[in-house]
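Spelled out, the chains give:
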Amino acid sequence: MSGYRLPAGGRVDRNKPVSFTFDGKSYQGLAGDTLASALLANGISLFGRSFKYHRPRGVLAAGSEEPNALVSVLRGPGRFTPNLRATNVEIHDGLTATSQNRWPSLKTDFGAINDRLGMFFPAGFYNKTFMWPRSFWDRLYEPAIRKMAGLGDAPTEVDPDTYAATYAHCDLLIVGAGPAGLDAALEASGTGKRVILIDEQDEVGGGALADPALWAWLERSVKALNAAANVTILSRTTAFGYYHNNFIGAVQRLTDHLPENSQAPREKLWRIRAGEVLLAQGAIERPLVFDGNDTPGVMLSSAARIFANRYGVAVGKSLALMAVHDSGWHDVFALKKAGVGIAAIIDARDDIDEALQAEAAALGIAVHLSHSVIGVKGRHQVAAIEMCANGSDVRRTISCDALLMAGGWTPSVHLWSHSKGSLKWRDDLGAYVPDQPNENCRSIGACSGDWDFGKGAVFDVLPTPKDQARIKAFVDFQNDVTANDINLAVREGFRSIEHIKRYTTNGMATDQGKTSNLNGLQIASTALAKAVPDIGLTTFRPPYTPQTFGALAGHAKGALFQATRTTNIDGWAEENGAIFELVAQWRRARYFPKFGEDMHAAVNRECRAVRGSVGIFDASTLGKIEVVGPDAAEFLNRMYTNPWKALEPGRCRYGLLLKEDGFITDDGVSARLAPDRFHLTTTTGGAARVLNMMEDYLQTEWPDLNVWLTSTTEQYAVVALQGPNARKLLEPLVEGIDLSAEEFPHMAIREGHICGIPTRLFRVSFTGELGFEINVPTAYGRALWERLMADGAEYGITPYGTETMHVLRAEKGFIIVGQDTDGTVTPYDAGLDWAVGKKKPDFVGRRSLARPDIVAAGRRQLVGLLTEDSKMVLEEGAQIVADTNQPVPMTMIGHVTSSYWSETLGRSIAMALVANGHAMKGETIYVPMPEGTHKAVISSMVFYDQEGARLHV
Amino acid sequence: MTRFSALSLFAKALGAHQDWPEQWPDAAPKASYDAIIVGGGGHGLGAAYYLAKKYGITNVAVLEKGWIGGGNTGRNTTIIRSNYLYDESAHLYDHAVKLWDGLSQELNYNTMYSKRGVMMLAHNVHDIQSFKRHIHANRLNGVDNEWLTPEEAKAYCPPLNIAADARYPVLGAALQRRGGTARHDTVAWGYARAAAALGVDIIQNCTVTGIRRGADGAIEGVETTRGYIASKRVGVSAAGNTSVVMQMAGLDFPLESYPLQALVSEPIKPTFPCVVMSNTVHAYMSQSDKGELVIGAGTDQYVSYSQRGALHIVEHTLAAICEIFPIYRRVRMLRTWGGIVDVTPDRSPILGKTPVKGLYVNCGWGTGGFKATPGAGDLLAYTMAKDEPHRINAPFNLDRFRNGRLIDEAAAAAVAH
Amino acid sequence: MILIHCPYCDEKRPEIEFAYAGQAHIARPVDPDSYSDEEWERFLFIRANPRGRHHERWRHSHGCGRFFNAVRDTVTDKFETTYKAGEPRK
Amino acid sequence: MSDALTRAEPVPSAPFVGDGISISLAAPMMRYSLRARQPQALETLLGVKVPKKIGAMEEGIACLGPDEWLLRAPIGSKIVGGAGLPVSLVDISERAICLVVEGPRSAEILNAGCPLDLDRFAVGRATRTIFETVEIVLLRLAEDRFHVEVWRSFAPWMWTALTTAAHH
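Protein chains in written order, with our numbering: chain A, 1 to 953; chain B, 954 to 1370; chain C, 1371 to 1460; chain D, 1461 to 1628.
The set of hints was computed from the structure by calculation and includes no laboratory data. Where hints are given, some of them may not hold.
[Said to hold, decoys possible] Here are the computed lysine-lysine pairs in the DSBU-like style, where the Cα-Cα straight-line distance is at most 35 Å: (1) B:K1051 to A:K147; (2) A:K424 to B:K965; (3) A:K377 to B:K1222; (4) A:K420 to B:K1310; (5) C:K1454 to D:K1513; (6) A:K420 to C:K1460; (7) C:K1448 to D:K1509; (8) A:K840 to C:K1448; (9) B:K1051 to A:K530; (10) B:K1107 to A:K147; (11) B:K1222 to A:K107; (12) A:K193 to D:K1512; (13) B:K1068 to A:K659; (14) C:K1460 to A:K107.
Keep in mind it's a predicted model, so treat the numbers as computed, not measured.
Given the sequences, and given the hints that come with them, work out the whole structure.
Right under this line is the structure:
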């Protein structure tokens, strides 16, 4: 093709030349050009290669429906974007674009061998072959297929750009700023409605941009809208999806059109809730289906007009038109008037409006009615076309360098369909149009089927004297789907349009069938001898055009991806070299290595410190719920497995919570502060779940109870002081609480002050040592911690993390819900019979404990394990068997839930769920590991201080 | 049945592909069948095929309300794996994986089973414990599953971000090398073609509207939009619509149907060599033979049959993907879609007999049914042919919800502390 | 993201403020012990899961915090009504 | 007995000031969660007026739910206990911090992550809501001034989220 810049016209700025490169070669365009218009102006016709056959392809369209002209753009390190449409890429100085899916070059592409062999690759060919020999699939066929796959290259570096997002609300959302959308916006601009007007192009105007007669009106309209305080115009913004209750997703492109990269967000996601939606998205012209219709230079008639009128670019020196719709005639007249050479008008219809014929004659354009193009000469660009009178086989050749197709119009019903509005078929348009809305939504202008482009006829494949079975007449250009592929699918028994789509991949390319769906339907309709509405319409799914992952997600990247919850003491831990672990949403200090210790060494030291003197632990993440009201005890009695009514104020109790299915879901020590006030604790990960569960029962099942639940997890920082010297350290700092063993026994709570700050002081222990958990208002957590560290120096106070906490509690046989239980464990399985109120008539989960399988023998029960080799620490998760002399698959009787080196005991200890484990104390079990089988004996879970002497001091 | 091969493809090409026969005839319903399968997805078509192939029951109809393979078979992200924790699950899914291997040859239809490996990421200590438990259980069950360090995981999947300061750092991964993907549509089509060749009627656009039971309560047949069809054996394999069909037989089921979304990117050149799953971050991704990044999103929170999901689910999913694979932020999402997944209380399937004589059920696969396709089909066929479950699917009975013998894989991976 | 009318706040609020809470009007028995295993199974696990009109519970968890009931069409996802907990089935 | 302990806050003490926006940490205050079936019970007990409509705010008390009020008052204010009565008064002074979002761009910046229609969120309104995935209590004190109450552990995230939105 030999496109060129027209001497005048267009909306480009002829005083602002822009330099850019395509495939390494420099070109000049004008400000306002797209990459497509600029390359066309430079005489470029070859833009890309098709997906399957690697056929040379040019520009088909002028907008976002373009299936062929896909390019990659590089904007510096990490800023590589594949698969952009040249018709949407705005040029700027320094733009670096490359073609795709070709090797070694666009002109000489070895992949084009596929085109020569195309007869062997019809639709669905891969279903039928690559099966023999079987082993070749993994090693040869599939790798080869994958190598051919894909369009543009994948990015390889992390994108340095940022993305923004927002919610927005309006009374009226108008999608599409063509004449219909602008008119609607103007009408609403005088009202009190909040209006948002969205358009995907860089400039509002839509179809008016290609109609100079409307430019004056356009300028006035835009000025009026810009002046209207109630109207927000979002250009370069694509409304990509229409979701429930008038919720529309849109992406605004902010920086890609600028020559320089910046810190500004590249794109912004708009999540818009609209009172009413007006869809004014216009219509897309349909290509025609005939042999050679994919040759570069064959394009939509409307696109040629847009290139000429909007960009001042003639797509060729001599253009022919193949029309079945009047709109093509008008395009050609406009082109002719703009100074573009017209070779001929060919129309497959015989009955053409006389006024059109008269205008063609007046403009000196040759007209061939009842004729169809049957072939195209030229590989990288159109050199000539072959045509034939319909029904005849007398062929005529017409020289031209571009062929325009006017196949009629397809209303853009995509968003309407997303909204689940219904569609109706219109035979006269050969298209679906909106019927009944499902939301407060209207479709206006061309996308509703309401337009004045004139009449047209509907064809499936243009008449041809050639053997239909051997022509290459494309329907889906990007995916290389031909009319014959669709016929083959029908022949092979695929009858639903969804099947035909999936079998042929018609409409599944990156343009999502914008130019191919309707032609595919017509061809299938003919092949099946069924009316189009009887074979259905494939569903439109968001997004309307492809949208970057970054826009949809990128605002929530890095630190903003998901909050990491930290305690008031976290900063101290970080400054003091803690190694952290993530527990639920929190980050917790796992251990505090000193002098290059590994975890093992650090944990051993921390354990020795707690057992020997005193350790300090940040327990702030434990969930806390304050339960207040006259019925507080009654409520807890119904929720927890054990009795709560008799608990005296000032005392604590271990609470075990089941789900209604009888399995353990949470536990924690809770305190009664007053007859009508409890301070509950939950596991770190269970806090929100437990509160929600309790609210559910309270509000739904027992609304008569006078009790209220308040989360106080974050009201208190909790510092655990554990070890024989804990009391000595604490005593001088506490006011108003007698810490003596008699006055403040294990499992008690007192309120008072510490260092002048109010505290709820728990005497509890998860370590088996004398211990306190000091609750203070959160803001003082760190200061208290630092004070204790300072004052505790004389006792060698040692901060410890979750790992040491785990070891110490395991030595005492305390379970961790979620580690030693897994959602399938009952209190009995866990050996917590003592925590189940046998006399209580009911509690959550009680009935389920009587189900047949729950009372049956053979359940996995929690036990202690002592390895025969005391130095051997079993791996957590390791499986247990009773008999090692069995083939795979082996019968497993349990698994190791917790396993540690116990520094205190000088040996390893473990906990395990073992079938019938409670009855197997003293029996030997086996743990087969890849490196060998370990032997262990089932034991009590309490490995240290079985009498609890260390607690009650 | 015309045998598919490179040779037949070549021969037909010379005739411009004009004489390919129908892959399966579009059957009209007969008055009665020996067995009826309700639901023309991969599972149902597979059941019909195995009934005919292995158990000699060829007078079989598959009733599909729309087009075959149009439900979850054609809407899922095609992940295949069998590294489940419990013996019951491991045996069930491994039965399927063994059938996937060689399915193309068995059906003479390339299902494109690609053993690309399925890697599950561990992001915290709890994940590590849970994955190790899986790995050891799998090893003793003869199911491959191995532990990878973060560096090994990165080597297996180079786009993976293993930076220690990531919000959800990768602390390791469990890899099942036999896991992978297959081409979803071809599984339905391949079974349909092979079943039809054995005499099975594939009946599309045929919605079951009622179930007829005799005086003794046993199944007599089904009412459909295309008339009454008699059969003493009816297998329901209707995924999200199972509750609706079961209610026609007077059975209430422990099922809820939720919308599940998935999405693909535009095709890009090969960049992602395996399947990666992160249950903690909710990200599931592979790359298709066509070059699209195939991404599984989460379910919406409410019961729905609308096949329409919410935007915020997609936002969360892609945020997760971009955290784990930050090089893909500039890649573009091409298409999203929704399916309806039927979920049981323990999130394991129900596959076996029902309280109604002659009525069998295969449902409750939730988000993971595709991987089980050949196994579920085979076991449903066995159960229908013998009127008793195979030992592999026997544990997946309805009784477990009464007696408490649940098979709760998700609970086993539950997070607390 | 659907909009949900909270019967307590008496306004429509976005879905992400709410948590779905399953089928509505499944009352916990006053005396679970009197339930047979079958009846207990029905209470725990059997759900209507209809195509169409569904009685369900929601919690305005990031709002007023209340559980309430709703009738919603599961095919269109449209709410017919929402009403306060404790009010009779609509 | 000992030196007083000092507070540690989760966000910078220096305000963020941007184009048309400032974001700053409010001074510590006393906060109580007040619960009762009837507002009169609280009014009698506390001797204050309690707003009846969910979302309304009067004299530092915001009605967050049908039986829930958030009381915010200067540090050192006194509140009675209500022991034995069918009410619940819980001290949550330190559970959250308050970010003051002020300036003509306040609503725009809050809408980066908050899905409410802030044009329809009048001065004097207060509600619990969500910002992306983090729960907040949002109070509008003036056309251009909002308070964002956020739990302490989420506060660093919220600070980053708001200041990032302000940068955009």
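For each hint, the structure was consulted:
As the CA atoms of K1051 (chain B) and K147 (chain A) are separated by approximately 27 Å, the hinted pair is consistent with the 35 Å bound. Taking the CA atoms of K424 (chain A) and K965 (chain B), the gap is near 39 Å; set against the 35 Å cutoff, the hint is violated. Restraint check for K377 (chain A) and K1222 (chain B): the C-alpha separation of about 32 Å stays at or below 35 Å, so the hint holds. Taking the CA atoms of K420 (chain A) and K1310 (chain B), the gap is near 40 Å; set against the 35 Å cutoff, the hint is violated.
A C-alpha spacing of about 16 Å is found between K1454 (chain C) and K1513 (chain D), which places the hinted pair at or below 35 Å, so the restraint holds. Between the alpha carbons of K420 (chain A) and K1460 (chain C) the distance comes to roughly 27 Å, so the proposed pair stays at or under 35 Å and holds. Simply put, K1448 (chain C) and K1509 (chain D) have alpha-carbon atoms about 39 Å apart, too far for the 35 Å limit, and the pair is violated. Taking the CA atoms of K840 (chain A) and K1448 (chain C), the gap is near 44 Å; set against the 35 Å cutoff, the hint is violated.
For the given pair, K1051 (chain B) sits about 42 Å from K530 (chain A) by alpha-carbon distance, which is inconsistent with the 35 Å threshold. A hinted pair counts as satisfied when its Cα atoms are at most 35 Å apart, and K1107 (chain B) with K147 (chain A) qualifies at roughly 21 Å. Simply put, K1222 (chain B) and K107 (chain A) have alpha-carbon atoms about 20 Å apart, close enough for the 35 Å limit, and the pair holds. Distance check on the hinted pair: K193 (chain A) and K1512 (chain D) sit about 31 Å apart at the alpha-carbon level, within 35 Å; holds.
For the proposed pair K1068 (chain B) and K659 (chain A), the alpha carbon gap of about 40 Å is over 35 Å, so the pair is violated. Restraint check for K1460 (chain C) and K107 (chain A): not satisfied, since their Cα atoms lie roughly 69 Å apart, outside the 35 Å limit.
Of the numbered hints given earlier, the model fails hints 2, 4, 7, 8, 9, 13, 14; all others are met.
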